[in-house]
Amino acid sequence: MIVRILEDGQYKVDKSTAKKLDELDAKLAKALDKGDDSAFAKHLAGLVKTVHSSGKRLDPSVITPSDLAIPAPTSTLAEVRELLSSETMKVKKKKG
Amino acid sequence: MSVMKRLSGVVQAKANKVLDRVEDPRETLDLSYEKQLEQLQQVRRGVADVATARKRIELQAEQLQASATKLQDQARTALAQNREDLAREALTRRAAIATQLEGLKTQHDQLVAQEDKLVLTTQQLQSRVEAFRTQKETLKASYTAAQAQTKIGEAVSGISESMSDTGMAMQRAQDKIAQMQARAGAVDELLASGALTDLSGSTDPIQAELDKASKSGQVDAELAQLKGQLAAAGPAGALGAPDKPAEAAPEDDKVVDAEPERDEPAADAPKSPDPFTLEDKKGES
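Chains as they are written, first to last, in our numbering: chain A, -5 to 90; chain B, 59 to 343.
Treat the hints with care, as some may be off.
[As the list claims (entries may be wrong)] Computed footprint of chain B on chain A, listed as stretches where at least three residues anywhere in the stretch have a Cβ under 8 Å from a Cβ of chain B:
#	stretch
1	-5 to 1
2	16 to 22
[What the hints assert, rightly or not] Distance condition first, Cα-Cα at most 25 Å in a straight line; then the derived DSS-like pairs of lysine-lysine:
#	chain 1	residue 1	chain 2	residue 2
3	B	Lys128	A	Lys43
4	B	Lys234	B	Lys175
5	A	Lys9	B	Lys128
6	A	Lys6	A	Lys50
7	A	Lys13	B	Lys113
8	A	Lys36	B	Lys285
9	A	Lys28	A	Lys9
10	B	Lys128	A	Lys24
11	B	Lys128	B	Lys113
12	A	Lys50	B	Lys128
13	B	Lys128	A	Lys6
14	A	Lys43	B	Lys63
15	A	Lys36	B	Lys63
16	B	Lys113	B	Lys209
17	A	Lys21	B	Lys63
18	A	Lys50	B	Lys175
19	A	Lys43	A	Lys9
20	A	Lys14	B	Lys128
21	A	Lys50	A	Lys14
22	A	Lys13	A	Lys24
23	B	Lys234	A	Lys50
24	B	Lys63	A	Lys28
25	A	Lys36	B	Lys234
26	A	Lys6	B	Lys234
27	A	Lys6	B	Lys113
[Unchecked claim] Over the 12 Å line for every Cβ pair with chain A, so calculated as not near, a few chain B residues:
#	residue
28	Thr179
29	Val187
30	Lys194
31	Gly211
32	Ser222
33	Leu281
Don't read these hints as lab results, they were simulated from the structure.
The structure displayed is predicted, hence computed values, not measured ones.
The beta-carbon is built from N, C-alpha and C at its ideal position, and this holds for glycine as well.
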């Protein structure tokens, strides 16, 4: 599975790593919903760390789409919220 | 819901907007190459913009630092002159500057991080564009094979995803710069209004007070010296003058205020060696 960390690059991760990422992802989503900045920062850092340590960085000359995307390591909860809200708007526009 | 999946969707949506796909995928390859070159230019400009913003903040920090040092000196001078009120005022202003400086430092750190990241992005983009250029020629050459068509589709999706990522990074950097500029503008306004600095000019009230105090200190000293000389020289000539101190005092005041030259009080002194003149001045200030 290919994961992109925004503003960082693409990584290939195996199944067990992907499972770990899913768990952290669920916690990140919860923090995002609650508006808990510190939990958000913690779990985002956890995701990035997991990918960095267990994933294999793709050579930049490999040009391929990703399956999942992780926010840029320095992004704040507010920034990610805004990014995701732009997605909702687009979906609504498409439907309308 | 999964943040990673949703975010992936956002990136894809933005990626689709990056490229106008045309019917012949080979043309899309060429188009996306052009777009990448454009983006490379944009990122390079972005690096320059961040550097400019960073330098502006550094300049402001230097100005604020200089004001802080000056205020510290003024506080010390004021205390030496027993003007605790002035010293307090100077230190209060210094504290306000320290707060501003802290804010600037945070922003400066963020800008440096942004700059580093954009420089890295430029390098990565550069090598990706290079790689893409050779790959697209290979893919175009073998276009008739079904396998190549799938690969072209992947390459286009992959490259537009990368471009969308870079585009978002640029957007973030620009937002940061805009924030900095708003803040830098506010600090510039403060600097211009003299609220924070410009304390070296004639409009600096603390310095004016200190100068006044030190001048009246000098006058006191000169007066004491003159008195000593008069006392030593004998009473005859000196006794006549102190008969009209009430008239002389206000006149002296005006003269001293209008033209606070050092020789004024000295020139006045023989005419009216009256300590009230200075006492009045102290009362005013």
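Hints, one by one, checked against the model:
Coverage of a stretch by a chain is defined here by at least three residues with a beta carbon nearer than 8 Å to that chain's beta carbons; for the stretch -5 to 1 of chain A and chain B the count is 4, and the condition holds. Proximity of the stretch 16 to 22 of chain A to chain B, defined as three or more residues with a beta carbon under 8 Å from a beta carbon of that chain, is established by the 4 residues found. This hinted pair does not check out: lysine 128 of chain B and lysine 43 of chain A have alpha carbons roughly 47 Å apart, beyond 25 Å. Using a Cα cut-off of 25 Å, the hinted pair lysine 234 of chain B and lysine 175 of chain B holds, with the two alpha carbons roughly 13 Å apart.
The suggested pairing of lysine 9 of chain A with lysine 128 of chain B is violated, with an alpha-carbon distance near 63 Å, which exceeds 25 Å. Pair hint lysine 6 of chain A plus lysine 50 of chain A holds up; C-alpha atoms about 5 Å apart against a cutoff of 25 Å. Straight-line distance between C-alpha atoms of lysine 13 of chain A and lysine 113 of chain B comes to about 45 Å, which puts the hinted pair past the 25 Å bound. Restraint check: the Cα-Cα separation between lysine 36 of chain A and lysine 285 of chain B comes to about 77 Å, which exceeds 25 Å; the hinted pair is violated.
Distance check on the hinted pair: lysine 28 of chain A and lysine 9 of chain A sit about 29 Å apart at the alpha-carbon level, beyond 25 Å; violated. Of the pairs offered as hints, the one joining lysine 128 of chain B and lysine 24 of chain A is violated, with about 51 Å between alpha carbons and a cut-off of 25 Å exceeded. Between lysine 128 of chain B and lysine 113 of chain B the CA atoms are separated by roughly 23 Å; this keeps the pair inside 25 Å, and the hint holds. For the hint linking lysine 50 of chain A to lysine 128 of chain B, the alpha-carbon distance of about 55 Å lies beyond 25 Å, and the restraint is violated.
Distance restraint check for lysine 128 of chain B and lysine 6 of chain A: the Cα-Cα separation of roughly 57 Å exceeds the 25 Å cut-off, and the hinted pair is therefore not satisfied. Of the pairs offered as hints, the one joining lysine 43 of chain A and lysine 63 of chain B holds, with about 18 Å between alpha carbons and a cut-off of 25 Å not exceeded. About 19 Å separates the Cα atoms of lysine 36 of chain A and lysine 63 of chain B, which keeps this hinted pair within 25 Å; it holds. Between lysine 113 of chain B and lysine 209 of chain B the CA atoms are separated by roughly 45 Å; this puts the pair beyond 25 Å, and the hint is violated.
For the hint linking lysine 21 of chain A to lysine 63 of chain B, the alpha-carbon distance of about 14 Å falls within 25 Å, and the restraint holds. A C-alpha spacing of about 21 Å is found between lysine 50 of chain A and lysine 175 of chain B, which places the hinted pair at or below 25 Å, so the restraint holds. A C-alpha spacing of about 16 Å is found between lysine 43 of chain A and lysine 9 of chain A, which places the hinted pair at or below 25 Å, so the restraint holds. Using a Cα cut-off of 25 Å, the hinted pair lysine 14 of chain A and lysine 128 of chain B is violated, with the two alpha carbons roughly 57 Å apart.
As the CA atoms of lysine 50 of chain A and lysine 14 of chain A are separated by approximately 15 Å, the hinted pair is consistent with the 25 Å bound. Under the criterion of a C-alpha separation no larger than 25 Å, the hint pairing lysine 13 of chain A with lysine 24 of chain A is consistent with the structure, at around 17 Å. For the given pair, lysine 234 of chain B sits about 31 Å from lysine 50 of chain A by alpha-carbon distance, which is inconsistent with the 25 Å threshold. The hinted pair formed by lysine 63 of chain B and lysine 28 of chain A meets the criterion: a straight-line CA distance of about 19 Å does not exceed 25 Å.
At roughly 22 Å between alpha-carbon atoms, lysine 36 of chain A and lysine 234 of chain B fall within 25 Å of each other, so this suggested pair holds. With a CA separation close to 31 Å, the supplied pair lysine 6 of chain A and lysine 234 of chain B exceeds the 25 Å bound. A hinted pair counts as satisfied when its Cα atoms are at most 25 Å apart, and lysine 6 of chain A with lysine 113 of chain B does not qualify at roughly 39 Å. Taking the minimum C-beta to C-beta distance to chain A, about 7 Å, the non-interface status of threonine 179 of chain B is violated against the 12 Å cut.
For valine 187 of chain B, the requirement that its beta carbon stay farther than 12 Å from each beta carbon of chain A is not met, with the minimum near 10 Å. Look at lysine 194 of chain B: its CB is around 9 Å from the nearest CB on chain A, not clear of 12 Å, so calling it non-interface is violated. Look at glycine 211 of chain B: its CB is around 9 Å from the nearest CB on chain A, not clear of 12 Å, so calling it non-interface is violated. Remark: the non-interface label on serine 222 of chain B conflicts with the geometry, its nearest Cβ contact in chain A lying 9 Å away (cut-off 12 Å).
For leucine 281 of chain B, the condition that its CB be more than 12 Å from all CB atoms of chain A holds, with the nearest at approximately 66 Å.
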